[in-house]
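**Q** Here are the chains, one letter per residue:
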Amino acid sequence: MAEFFAMGGHGFYVWGSFGVAAVFMIIEAVLVVRQKRTLVQRLGRMVRMNSEVE
Amino acid sequence: MSINWFKYSAPSSFYPLAGKVAPWFAFTAAILFVVGLYLSFFVAPTDYKQGEGYRIMFIHVPAAWMSMFIYIIMACWAAAGMIWRTRLSSMMASALAPTGAIFTFIALWTGALWGKPMWGTWWVWDARLTSELILLFLYIGFMALESAIDDPRRAARASGLLALVGVINVPIIYYSVQWWNTLHQGASIKMSESGGMETSMTEIMLWTLLIMTFACWFYTIAIALTRVRSIILERESNNVWVKEMLQGER
Amino acid sequence: MKWVSSNISISVAIKVGFMFAALKCVISRDLTLAMRHRSDVLTTVFFFIIVVSLFPLGVGPEAELLRSMAAGVVWVAALLASMLALTRLFSDDYNDGTLEQLLLVPQPLALLVFGKILAHWLISGVPLVLMSPLLGLQFGLGSDALIMLVLTLLLGTPVLSLIGAIGAALTLGLRGGGVLVSLLVLPLYIPVLIFGAGAVEASASGMGAQGHLSLMGAILILALLLAPLASAAALRISVE
Amino acid sequence: MKWVSSNISISVAIKVGFMFAALKCVISRDLTLAMRHRSDVLTTVFFFIIVVSLFPLGVGPEAELLRSMAAGVVWVAALLASMLALTRLFSDDYNDGTLEQLLLVPQPLALLVFGKILAHWLISGVPLVLMSPLLGLQFGLGSDALIMLVLTLLLGTPVLSLIGAIGAALTLGLRGGGVLVSLLVLPLYIPVLIFGAGAVEASASGMGAQGHLSLMGAILILALLLAPLASAAALRISVE
Amino acid sequence: MLNIANLECVRGDRQLIADLSFSMGEGSLLHVHGANGSGKTTLLRAIAGLVLPEAGEIQWNGKSTRKLSEDFNRELLYLGHHYGLKFELTGYENLRVFAKLGGFDVSERQVEVALKTMGLERCVELPVKVLSQGQKKRVALARLMLQPSKLWILDEPFVALDVAAVSQLLDMIKQHVADKGMVILTTHQEVDVEVGELQHLHLGSH
Amino acid sequence: MLNIANLECVRGDRQLIADLSFSMGEGSLLHVHGANGSGKTTLLRAIAGLVLPEAGEIQWNGKSTRKLSEDFNRELLYLGHHYGLKFELTGYENLRVFAKLGGFDVSERQVEVALKTMGLERCVELPVKVLSQGQKKRVALARLMLQPSKLWILDEPFVALDVAAVSQLLDMIKQHVADKGMVILTTHQEVDVEVGELQHLHLGSH
Ligand code: HEM
Ligand SMILES: Nc1ncnc2c1ncn2[C@@H]1O[C@H](COP(=O)(O)OP(=O)(O)OP(=O)(O)O)[C@@H](O)[C@H]1O
Ligand SMILES: Nc1ncnc2c1ncn2[C@@H]1O[C@H](COP(=O)(O)OP(=O)(O)OP(=O)(O)O)[C@@H](O)[C@H]1O
Ligand SMILES: [Mg+2]
Ligand SMILES: [Mg+2]
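Chains as they are written, first to last, in my numbering: chain A, 72 to 125; chain B, 985 to 1234; chain C, 86 to 325; chain D, 86 to 325; chain E, 2 to 207; chain F, 2 to 207.
Just so you know, these hints were derived from the structure itself, not from any lab.
It is possible that part of the hints are untrue.
Derived contacts from chain E toward chain B, CB cut-off under 8 Å, selection only [to be verified]:
#: 1; residue: D14
#: 2; residue: Q190
#: 3; residue: V196
Below, simulated DSS-like cross-link-like pairs (lysine-lysine); rule was C-alpha separation at most 25 Å, straight line [unchecked claim]:
#: 4; chain 1: D; residue 1: K100; chain 2: F; residue 2: K101
#: 5; chain 1: F; residue 1: K117; chain 2: F; residue 2: K101
#: 6; chain 1: D; residue 1: K100; chain 2: F; residue 2: K64
Model, not experiment: these values are computed from the prediction.
Idealized CB from N, CA, C, for every residue including glycine.
Generate coordinates for the entire structure from the input sequences, incorporating the hints supplied.
**A** Following this line, the structure appears as structure tokens:
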């Protein structure tokens, strides 16, 4: 196991590459989904409030 | 992808369509990533020359390819938006830019981490590396311009124009950098290693690379579709169909 | 009747005449404005000179090192100086509302924009070209390389103004426009920089620079054709 | 009574309290304005990165040559980036009339100016410092030299903002302020550049850089004491 | 001659103008009323072609103004909140530039007369920058006397003018309408603009 | 309380104000008249300390305003041709900044009430940049309700305001004078500012 993570002495480089790539892609995915959700909430509130006024 | 984009070029009909297909792309991407990562770490054999370090290739090369593809696609969308004045096109362009920038950054980052053990340095001013760096600047310029303009309609038109100017310039930049580097053959380290790699690439390595690349493709499509849905909502929030849809939701 | 009736279509010859008059007027207007503040013209050159002179201070005085970086440093400084002057290309007109009025002039906007770019080049580009041999001498360049430096700058600085105009038009009225424009424009300048500095270095090391020069000429022609149109489109977007 | 009567002299403690509140308010106002357009903060850094990356393109990719000019290039680029951001320090406030109102605030003007400079440094200086090691790596600097690069920039960039503020205040409202300010300010930057780049080179070649650093510290203290006062005086002249 | 059909203008997330239609013929004046922020400036800029409307059509002599572009510009004189003067040039120079760019010929004498009529005889040699607010406005208005455009679009033209200048401007507007010109204007001041075929347009209840 | 003695102001080669002396006490209003370019703005800026007079003395409670500097600024509210607003901030944020810098405490509620009184309730969340000309002016005027200054100097405060806003502002001015405040203003519009101890000052015959 430890040997696997050591990557023949190149562990830092290999895991640094895949790790950062994974972190960026996961963060992007989470942000995109969240942005969509909050936007729907915000606009929904606006639409409802306007329809109450009318 | 056999979707007829033009049929769905109206945001109101594209919005639900994108919502339906995006999860499937995301799902496929996840499976491909699992398979690709398994192959990269447990199946692909150790490289006789570079040892285990070469496994960085399985993320580096797909990211580098994606960074270039996405820019071209983005510019095509922007051009379509300027020429046919379809609203959806410029929205697609803005939806793609952040993902492209992220892949560019990943390519640079993984390349640097690969270069240190292989070449003994994080960075050399090689043509390929330099043009990738310039590509990052172009992405960032596009996004900075878009975020600096408050009015979303104006932002879309301005950044679309910039992408269009960029598309004419990118090949010029690419070849000039290529030429710049070959004229000065003084670099202490050259990229000739990669040429050596091609021959040593086994079939399984090639397959792994392809699967990782497809995973990135599907990831990009899923992300772009989701993001374009947000953009559609934001820019079309005045339209009746958005209001009716939001009224229906909850 | 007091006004030109819209029913009478003006003959083409007169139209072209008016177009030339308008072009001349834009150019002379911008030149007059620059001359009202003569410091404007001088500051670009001085910026150029100072940036170039900063390098020996930062890098150290070894003559060999300085000679080998001369072409690059002069070209980068020219890039920065011309870019810095750019931020003012449209922004003054934008702030005082004269740009709005330019959009309402009965002439093709791209033509007026071309006039403005030309005036800008005369004010900020030409002085750089004239000053460059002196700076090249300071870094110990030979006479062949000096001539090549002037030639490439002569071909290259108009391209810088032309491409830069697009960036300036796009960032009009945005906060932090000055820095933003550099972010948009500098990456697009790279081919000009590479061929320009490359030509000087090639001729300094005794090689021919014909190829570089013809490429720069091609880029110039492309920019002349496309940049005014793109800038005009960008202006329409920005004024809204 | 609705207003504070001028006859009651406010106690010193309250006065100092108000002064701190005002200082905090100026800083947070400017930071808010910058954050409204997050691109503002980022563009300065990117300008810095792009300018540094232009040099290899102009000079050529030889690693040895690049290493020997690294300190100079990074420092010159930091100078230019911080100077470019300067033009906006007072000009936005001047154009929309808020500067006029700042002059009418019942607080020492030098204090408000200090707040604005501090905010400016936080926005434009600190990101440069944070980004510099990466650029040093690209040019192949060793770890000692990298640390020294960060240190000197940390001491030097506030000086750049402080001195630059004087120039920005003096050229306020003049056409072509952007270029003019660089003309006034760059010569004053030279000592900072020489000591900053010198320290990095000294430590890259294994020598101590203690002397350079303490000189830079002295310059910083001097600038902290004098620059806000001088800028305040310059502002009063410019607004009239 | 000017036809507006189903015009719709949106700013940010607010719909300022919805389904607006009207038309004006020769020798008529349109006075646009409305509270602050009701969209008067937006409407005027849309007609001038400076703002892209969300929907609707603006026609001049039956042709879309967007398509006419330069030909429509020749018939148009727009004066907005900004005066459109170069502050470094004198009033005289500013007017000459307008004339050359607009493609209409004016003699030195005509420009001088126009400036004099606006009461600027003492300021001809000064750059516009140092003039007072009202004097700047007067320079901008001097264009009305020189440019042979049929359609004047004036956004709050009376602002910053003293009593003498206001009545002078009123005379000019009346004369233009009497000469079969067309004027669209907004103003919050109470001025007497009863002339020719007068229309009133009231925008949004804020 | 405000004393002006032998004031002289020169712009370029023109002497705009020569040997002007007057004084104002609590609860009084000074209306400065004059044609365009007669020097009204110059006078107001000189009193506020933004223009250095050529000669003469400006005193507040018997002390030179130049010497008082910050202490005089505390008593002063100047609104000129520029509104002094940051266009990127909302109206609410702009007013908070004024309050903090001026060293007077206002609650969130007070600011909201002031904006509402000026009829801006629908625009609190918008950056000032996108507001109409009149709405911008209203934001600037909301300061009058928050800042506890005794001397108001208002250069053409009625410009760009619609009828409702003009009468609102008039009420505020009258209230301030009745509360023993002092107001100096210029305007070309005909408005009814008869209140308290009213003085008129006529500047130069152009
Ligand atoms: C920061 C450093 C690096 C950057 C920016 C970078 C950039 C790129 C780019 C843009 C590509 C795609 C090029 C194409 O398909 O034509 C690529 C492909 C590739 N790179 Fe890198 N690279 C870097 C470092 C490295 C290192 C250190 C190695 C190996 C020692 C490497 C090996 C490869 C290989 C094998 C390919 C695929 C080759 C091919 O498709 O022809 N790269 N890289
Ligand atoms: N991004 C935006 N979001 C919301 N509202 C906006 C936006 N941009 C502009 N507006 C609104 O549009 C309106 C602009 O109106 P306009 O300038 O045409 O008014 P006006 O009738 O000319 O007013 P005034 O009499 O004050 O000059 C304002 O009410 C403003 O609040
Ligand atoms: N450098 C200069 N040379 C000559 N005259 C100048 C110079 N600078 C300013 N002036 C004159 O000073 C006057 C400025 O007056 P000011 O702005 O105070 O007028 P005002 O009474 O406020 O007018 P308005 O009603 O138009 O606002 C103008 O007449 C202008 O021509
Ligand atoms: Mg308006
Ligand atoms: Mg005035």
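**Q** Run every hint past the structure and note whether it holds.
**A** Against the structure, the hints:
Hint status for D14 (chain E): holds, given a least beta-carbon distance of 6 Å to chain B, under 8 Å. Hint status for Q190 (chain E): violated, given a least beta-carbon distance of 31 Å to chain B, over 8 Å. The criterion of a C-beta within 8 Å of any C-beta in chain B is not met by V196 (chain E), whose closest approach is roughly 38 Å, and the hint is violated. Of the supplied pair hints, the one linking K100 (chain D) and K101 (chain F) holds, its CA atoms being roughly 13 Å apart against a limit of 25 Å.
Distance restraint check for K117 (chain F) and K101 (chain F): the Cα-Cα separation of roughly 20 Å lies within the 25 Å cut-off, and the hinted pair is therefore satisfied. Our distance criterion of 25 Å between C-alpha atoms is met by K100 (chain D) and K64 (chain F), whose separation comes to about 21 Å.
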